[in-house]
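First to last, the protein sequences are chains A and B.
The first sequence lines up with residues 1 to 261 when you count with the numbering used here.
The second sequence lines up with residues 1 to 436 when you count with the numbering used here.
The set of hints was computed from the structure by calculation and includes no laboratory data.
Nothing here was measured: the structure is a model prediction, and the numbers come from that model.
Treat each hint with caution, since some may be false.
[Claimed, not checked] Straight-line Cα separation of at most 27 Å, BS3-like style, residue types lysine-lysine; simulated pairs:
| no. | chain 1 | residue 1 | chain 2 | residue 2 |
| --- | --- | --- | --- | --- |
| 1 | B | Lys322 | A | Lys116 |
| 2 | A | Lys160 | A | Lys183 |
| 3 | B | Lys270 | A | Lys116 |
| 4 | A | Lys87 | A | Lys219 |
| 5 | A | Lys205 | A | Lys180 |
| 6 | B | Lys236 | A | Lys116 |
| 7 | A | Lys87 | B | Lys81 |
| 8 | A | Lys87 | B | Lys270 |
| 9 | B | Lys68 | A | Lys116 |
| 10 | A | Lys164 | B | Lys322 |
| 11 | B | Lys322 | A | Lys160 |
| 12 | B | Lys81 | A | Lys116 |
| 13 | A | Lys56 | B | Lys322 |
| 14 | B | Lys322 | A | Lys261 |
| 15 | B | Lys81 | A | Lys261 |
| 16 | A | Lys219 | B | Lys322 |
| 17 | B | Lys322 | A | Lys87 |
| 18 | A | Lys116 | B | Lys104 |
[Stated by the list, open to error] Some but not every residue of chain B turned toward chain A, in silico, with C-beta under 7 Å:
| no. | residue |
| --- | --- |
| 19 | Thr136 |
| 20 | Glu317 |
| 21 | Phe435 |
Yeah, the Cβ is synthetic: ideal placement off N, Cα and C, and Gly gets one too.
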Amino acid sequence: MLRVTLFTFSLLVSLPGTAAVDVDELISSAEKVAYYSGEDGRSDARMMIVDSQGRKQMRQFTILRRDIEDNGDQQMMVFFSRPTDVKDTVFRVEKHADIGIDDDRWLYLPALDLVKRISAGDKRTSFVGSHFFYEDVSGRAISEDSFELMNETSENYILKATPKSADSVEFSYYHVSISKQTKLPVNIDFFNQDGVNYRRVEAIKIEEIQGFPTVVRSKVSDLINGGYTLMEFRNISYDLGLPDDVFSERSLRTPPRQWLK
Amino acid sequence: MKNRLSSRTFLTMMLLFVTLNTLAQTSEDEWDMGDWSEEAVESPIFTGFIDVSAGNRISSDPVIDGAKTLRDIRLQVQWEKLLSHSSLTITSDLYYDGVLDDVKLDVREFAWQGRLDAFGEWGKYFDLKLGQQVLTWGTGDYLFLNDLFPKDYQSFFAGRNDDYLKAPSLSAKLSGFFDWGNIDLVVTPEFAADNYINGDYFSFFSSQVGSNIAPGFEVNPPYLPESPEYALRYYKTFGSSELAIYAYDGFHKSPSSQTSEGQAYFSELKVYGASIVSPAFAGLLKAEFAYYASRDDNQGTDPLTPNDQSRLLVGYEQELMKDVSGSLQWYLERTHDYSQLKLNSLTPEYDPNRSRIVLTQQLVYRLMQQTLTINAFNFYSTSDKDGFLKLRVDYSPVDQWRLATGMNLFYGDDNHTFYNQFEDASNFYASFKYFY
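Just chain B, with the same shape it has in the complex:
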């Protein structure tokens, strides 16, 4: 949908909507605390927020015109209907994207969720969630091994709120709860890809070209799979430790494969893994493993399709002092059949290392009665000699609004490595969010 509204008109419409929705708000004597009277005043029909965000490139990108990396005017509307043993929820964002000059609708959630008690005795062990929804599991912070639900890296890189790192998918999630453990089965009837870096906002490295490109490409059927994805998790708590086993059957989440004609596509992928989280020392220790079976390239001989990989994560987090917490993660991507990859590679100078190792460090400092949060998260790859530093400050002294500012900084030595290829995507941003 091409934009026919000016951004100012769009903002005015949003403000009008919010004003109408919150006209009934009042505040009285100290213990009255607003509208919590005996006869409860009707809750607002809608809740949500308006967000205005802007971000710019720190330096220019030779293959993308313009400095803008983020220009959002966003209205989120949430509506919830509680039924006797279930609920219906809609959370939808309408926003004007000033970088692409487009108005977009992002339905984050449109789902029915409930217990299956009504379907007989067995039903009390099962919950079902049907519809558009955001899904998450696994143990890593910003590193995903067994979580193959869609991510939105464009939002992540642009500095949108962390909520937007996960993209929604149209899925059915059946959860079973038993003495011997809990089971989640997620079926996504039509493959949901990541919102990967495609050149719309940020350029990426092309090994064929030997430099960054920004084609703004989309992958369409038949190269975009239309078949289902299946994700399975079994988990159980033993004392204070949580153990989980995972399986996934679907496709690589970004179009990392190419046909011999150079057409990008999503090749088949199966993933098996496990994780454990346990209190240790004064904090939490976690470990996660995943085996990526790249079905279209079992032997690793096809240079245009990713090889099998083993991925391993070990992390630890603890409170360092009052209101300051820290975490460390060590992450490994081990490429299998590496000699085959080298043997068949078309661009050996840009091949990834056999082992890609990433260390992450995080510090979170909450101060001023938790109204101000400073968050620093750094990815550093010892094998690629590159990294990605995320800095963010959030300030919200009242319930109605939140101010945030931050910086995404990509750095490194070589122009083709995982993080440093986005060096020109480095940006700073600010956002103002008003809740209604």
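This is chain A alone, in the form it adopts within the complex:
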């Protein structure tokens, strides 16, 4: 360990400002910090959706998450409490990190007592009407893009990401700024085929919770029409020891109240 540190140190001293950054390791740790903090976690969330005409909508929900393995498969439950229209609706995801296997998704509609399996869809469609995509919430697999280091400032590394399968996404490439200190992605700018920056995802406020740097406020903006969505997280905690059976059909109909308070 000491040897490695010394080696790194000497490298930095001998080559100031041009330190080789292991891009693979950087994006892998960014993915872990952004989506895999702790073994599991819970958070209350609130979104405000503002359309281009300034009309507002709100969504309030609680998220429970459990990692099968870091940077790997995950289980997720989203319990909606507001607005009235979606109250008690529950969304369940079994996320598969292998991009060859589609995520399994279910929706519980309380008025009909209906558990609806949802077909694997485009992950880059709106999450419950917001400017966030499903993929922004569950995390886009880093194996879907090729990354190159573009630039670095005193605070961030700036990488350019190009999709390996260009026709599966609406963007041509994106720039992601990763904080040197926390390894969290703090700004992502998406560009279309004409090189126009049309969409931005940004971390507005970061706090350290149980030692994990955590985005507590984020914003997605449609830079073309001016609409945006704010998302705020509260009552966040990690490593609760959430049992496997919380992430099941049972919890759709009978929510696990002790983890939702």
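Chain A is already provided as a structure; the job is to place chain B on it using the hints.
Same frame as chain A, now just chain B:
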């Protein structure tokens, strides 16, 4: 209960109720997002909505006076009490039905639901839901094989929200969760019938009369069963596939049988079935089978009681492009002892085919950031040469309200077939819903 209030008075009372319930609402700076402050403001005691809906027949029905098919002013009130490991929920609709000029109370849910941990070690494997509740299972879209919980076809035909396709029942549902699979047992102590088409809003074909009738009839005991219904489901997930096995012991859900005196009644029915849902290609593939054992007519010789049937459904759905999803279903009703049915039939010209086949197609298009949803669902029977097209557009750019408009169109060649008998029920409607 006969209406003694004018619809205007009724609406005014509802608005007053909603205003009182939401007086404390505020909105501040951008990140404040309303009342989500550190010391949480008390949530409203009640949630719910007011809905005003109206629909008219496209053409007139010779046996029903008037063009109205839907005239609702509806208040839904939901109240929920969270206990330590359980909850108590009441969801109730009070509405003025302008077609029948009646005020009605529809208790959608009045139930206690919880885990049975408190009753010992075994209890942690069981959940119980007791009381008035809506129940659903099975895999079909708008086609039900093993789901014998009550449906409300009057609402479905009139264009009320899909939530009202299912009618509530007073039931006990015990659910068990084990490594070897999950079990649901539903006991409905007193038979809960469908809200079937009886002539109140829409006329239906009578094979005795040879044309449509609208008697607005009700079936009462002893012809309405007062004994229990039992429904059982076992289900388990294998990888990404979900397998289920079902059983039902009860009665036909509509009064499709007749005594020799011509009295409609609900004859005995047992149903056994299975289903599977699995990801396939780029979407979801599903298949469901059910055997309907019509206990009062085992041999199929009684022309006044439905024969046994096998029902089979195969469906596929997938996202076709961004924000557009589509589904297809193929559905078969195969009547058993068909030769006996033909031999004993009193009205052979109106008998159903041995195999009734229905194909359904659905397209859902969400646009404008999912605030506008266009939904087209078509049933077409290749054996009956008839069909039912449902079109609906929902628009909700804010949380407080939703506007919907749509059309229910029945079509076909013969006046006695399953869908086309409702040709004069074809209607268009609009509704406005305000959430509080």
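Results of checking the hints against the structure:
1. B:Lys322 - A:Lys116: holds (19 Å)
2. A:Lys160 - A:Lys183: Holds, because 16 Å separates the two Cα atoms, which is no more than 27 Å.
3. B:Lys270 - A:Lys116: holds (26 Å)
4. A:Lys87 - A:Lys219: Given pair Lys87 (chain A), Lys219 (chain A) holds - Cα atoms ~23 Å apart, limit 27 Å.
5. A:Lys205 - A:Lys180: Between Lys205 (chain A) and Lys180 (chain A) the Cα gap is close to 16 Å, so the pair holds against 27 Å.
6. B:Lys236 - A:Lys116: holds (15 Å)
7. A:Lys87 - B:Lys81: Since the Cα atoms of Lys87 (chain A) and Lys81 (chain B) sit roughly 14 Å apart, the hinted pair holds (cutoff 27 Å).
8. A:Lys87 - B:Lys270: Violated. Lys87 (chain A) to Lys270 (chain B) sits at ~36 Å, over the 27 Å cutoff.
9. B:Lys68 - A:Lys116: Violated - the C-alpha atoms of Lys116 (chain A) and Lys68 (chain B) are around 34 Å apart, more than 27 Å.
10. A:Lys164 - B:Lys322: Between Lys164 (chain A) and Lys322 (chain B) the Cα gap is close to 19 Å, so the pair holds against 27 Å.
11. B:Lys322 - A:Lys160: Between Lys322 (chain B) and Lys160 (chain A) the Cα gap is close to 25 Å, so the pair holds against 27 Å.
12. B:Lys81 - A:Lys116: holds (26 Å)
13. A:Lys56 - B:Lys322: Between Lys56 (chain A) and Lys322 (chain B) the Cα gap is close to 24 Å, so the pair holds against 27 Å.
14. B:Lys322 - A:Lys261: violated (36 Å)
15. B:Lys81 - A:Lys261: Holds - the C-alpha atoms of Lys261 (chain A) and Lys81 (chain B) are around 14 Å apart, at most 27 Å.
16. A:Lys219 - B:Lys322: Judged against 27 Å, a Cα distance of about 23 Å means the pair holds.
17. B:Lys322 - A:Lys87: Roughly 26 Å separates the two Cα atoms, so the pair holds.
18. A:Lys116 - B:Lys104: violated (30 Å)
19. Thr136: Constraint on Thr136 (chain B) satisfied, holds at 5 Å.
20. Glu317: holds (5 Å)
21. Phe435: It holds, given that the least Cβ distance between Phe435 (chain B) and chain A is near 4 Å, below 7 Å.
Hints 8, 9, 14, 18, counting from the list given before, are not met by this structure.
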